[in-house]
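Listed in order, the protein sequences are those of chains A and B.
With numbering that gives the first Met the number 0, letter number 295 in the first sequence gets 294, and the count goes up by one each step, no holes.
With numbering that gives the first Met the number 0, letter number 218 in the second sequence gets 217, and the count goes up by one each step, no holes.
These are calculated hints, taken from the structure and not from any lab test.
Worth double-checking, as some hints may not be accurate.
[What the hints assert, rightly or not] Non-contacting residues of chain B with respect to chain A, defined by C-beta distances greater than 12 Å in every case (computed):
(1) 15
(2) 25
(3) 47
(4) 53
(5) 99
(6) 102
(7) 130
(8) 133
(9) 162
(10) 178
(11) 188
(12) 194
(13) 227
[What the hints assert, rightly or not] In the SDA-like style, the derived pairs of lysine to any residue whose C-alpha atoms are separated by at most 25 Å in a straight line are:
(14) 135(A) <-> 22(B)
(15) 135(A) <-> 84(B)
(16) 129(A) <-> 84(B)
(17) 129(A) <-> 15(B)
(18) 135(A) <-> 19(B)
Just so you know, these numbers come straight off a predicted model, no measurement behind them.
Beta carbons are placed, not taken as given, at the ideal position from N, Cα and C, and that holds for glycine.
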Amino acid sequence: MSPAITVRNLVKSYGDHHAVKGIDLDVEEGEILAFLGPNGAGKTTTIEILEGFRPRTGGEVTVLGEDPETAPLEWRERIGIVLQESEPVPELTALEAVTMQSAYYSNARNPAEVLDIVGLTDSANQRTRKLSGGQKRRLDLALALIGNPALVFLDEPTTGFDPSARRESWDMIERLRELGSTVLLTTHYMDEAEQLSDRIVVIADGRIVARGTADELARKVNAVTQITWRPRPDDPKPPERMGWTEDAQGRAVIASNDVVVNLHALTSWATEMSVDLPELNVARPTLEDVYLQLTATSEVSA
Amino acid sequence: MSAISRLRHQVSYDLLIFRRNPAAAFFTVVLPLIFLVIFTSIFGNNTLQNGAKVATLYVPGILTLAIVSATAVNLAITMTTRRERGVLKRVRGTPISPWTFIVSQAIAGFVITLVMTVLIIVIGRVLYGVELQFDQLPILIVSLFIGAMSLSAIGIALTVIIPSEDAAPAVTNAIMLPLYFISGVFVPDTEVPGWVSTVGNLFPISHLNQALQGSFDPISTDIPIPWDHWLVIAGWGIVCGVIGIRGFRWTPNR
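Chain A with its partners taken away, still in its complex shape (with noise of 0.2 Å):
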């Protein structure tokens, strides 16, 4: 089967400004791709070159076997678009803007069972601009499903929410899944990138510099356990040997790639010592610390 996109040493110019700089990705069909990144790392920027709506600098592109900035309307068919600023019409009522737009396509769903997937059958007869934030996004959401497509884009689709809002739309998108769809989605969101996708591209000042499941970037960083407490003042200091630090709050911190030898070599020597570590704390990397890790590497290497 061929991948749904291929993207080879994509590169995107402004001037002297390079958002985009070099990127290669495939996205096979059924995945759910995020593409993970910081604000300004060129996330929108290349989505919106693989949705035809920016030409690109350089590079090879191929969505559903077409190159974007070429293809012809009827490759619109096959493509939804969730974008990340967009207002339906506000004279119109839900209902009525998914109707308009079904019209659009050659194949499209029904208008109020969409309405159902994303959860809107009972707002239907709202005018739009009655709608609160989230159920708008819900809206874009059935918008981008209506037309039946093969390969959703989803661009920061929870971007604003409140937490509620967010776990919501995440049961949502995870309903595209079931539908069989094709998705890429943006966000700025380790979490979300990680409860909703098969694999995740980590981009960071326009280049890829991770990619891979969240198990995978986990251990592609070698990300350490770090053994913490709090030393009384008049405290006896543990050995060197045991390689620990201080930080800048005061706390001794031992980064730890072996929990289990560490800890007991520390204990025991607390015990010896009559040290009670107070605020002892071992903290496995979250996903955050790992993000941060990589696209902070990054600026520096940039």
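On the provided structure of chain A, position chain B as indicated by the hints.
Same frame as chain A, but now just chain B:
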């Protein structure tokens, strides 16, 4: 769905959107009717030198105003607003052809024009005794069609120079209001200095007004088909259509 039924579908939604837009409905439907009543009340419905009533000039003038509102003004403002709010960008992401989408706006403007024409003719007749000359009906319809299409093209061309949603009403009115005054819409062109009419005649609104006047003229016989006026209006429409198509933007400026 065939191209024609797609177009019909889009026109029906564009008309629905227009009906539910209070600003558009007021400026296009209510305001011209108010102007018709006010002008005739202030300036009186006297008899002109040629024996016709003054209102025979007001009726086509107000009809011109309604057409410009329904097409150029309405499109310049709503299309800029939709562009800046990302509505047009979403449309561009769907398989509807840009032609179908834009032509539909112009056809909706023509339908509104026809409705306004009937309203203004009925009010002109009932209140002021202005008679539509029925032998002129085919010419009237051609004038309305050429006017609505060309002024729609002008509205689309205006979106090219309008940078933002906030600027849209200001820019549009700054251009249209002076034109109304020098084109015989607010002040009959028999009442203004010659040079004003000469300037007005460079622009399509004056020619639309003059082309419409013939259809309500109760005195003259053998009114010629207004080819010259149609030509100027269509010329503006074609030039602005090219500018509009070349420069049209589907994505917000910000």
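Results of checking the hints against the structure:
1. 15: Label violated. Min Cβ-Cβ 7 Å, cutoff 12 Å.
2. 25: 14 Å, holds
3. 47: Since the minimum Cβ distance to chain A is about 43 Å, residue 47(B) lies beyond 12 Å and the statement holds.
4. 53: Given a closest Cβ separation of 38 Å, the condition holds.
5. 99: Residue 99(B) not clear of chain A: closest Cβ-Cβ about 9 Å, inside 12 Å.
6. 102: 15 Å, holds
7. 130: 37 Å, holds
8. 133: 37 Å, holds
9. 162: 17 Å, holds
10. 178: Its Cβ never comes within 12 Å of chain A, the nearest being 28 Å, so this holds.
11. 188: 37 Å, holds
12. 194: 44 Å, holds
13. 227: Nearest chain A Cβ is 40 Å from residue 227(B), so the label holds.
14. 135(A) <-> 22(B): Given pair residue 135(A), residue 22(B) holds - Cα atoms ~23 Å apart, limit 25 Å.
15. 135(A) <-> 84(B): With Cα atoms ~13 Å apart, residue 135(A) and residue 84(B) stay inside 25 Å; holds.
16. 129(A) <-> 84(B): Distance of about 16 Å is within 25 Å: holds.
17. 129(A) <-> 15(B): Holds. Residue 129(A) to residue 15(B) sits at ~17 Å (cutoff 25 Å).
18. 135(A) <-> 19(B): Holds - the C-alpha atoms of residue 19(B) and residue 135(A) are around 19 Å apart, at most 25 Å.
Of the numbered hints listed earlier, those contradicted by the structure are 1, 5.
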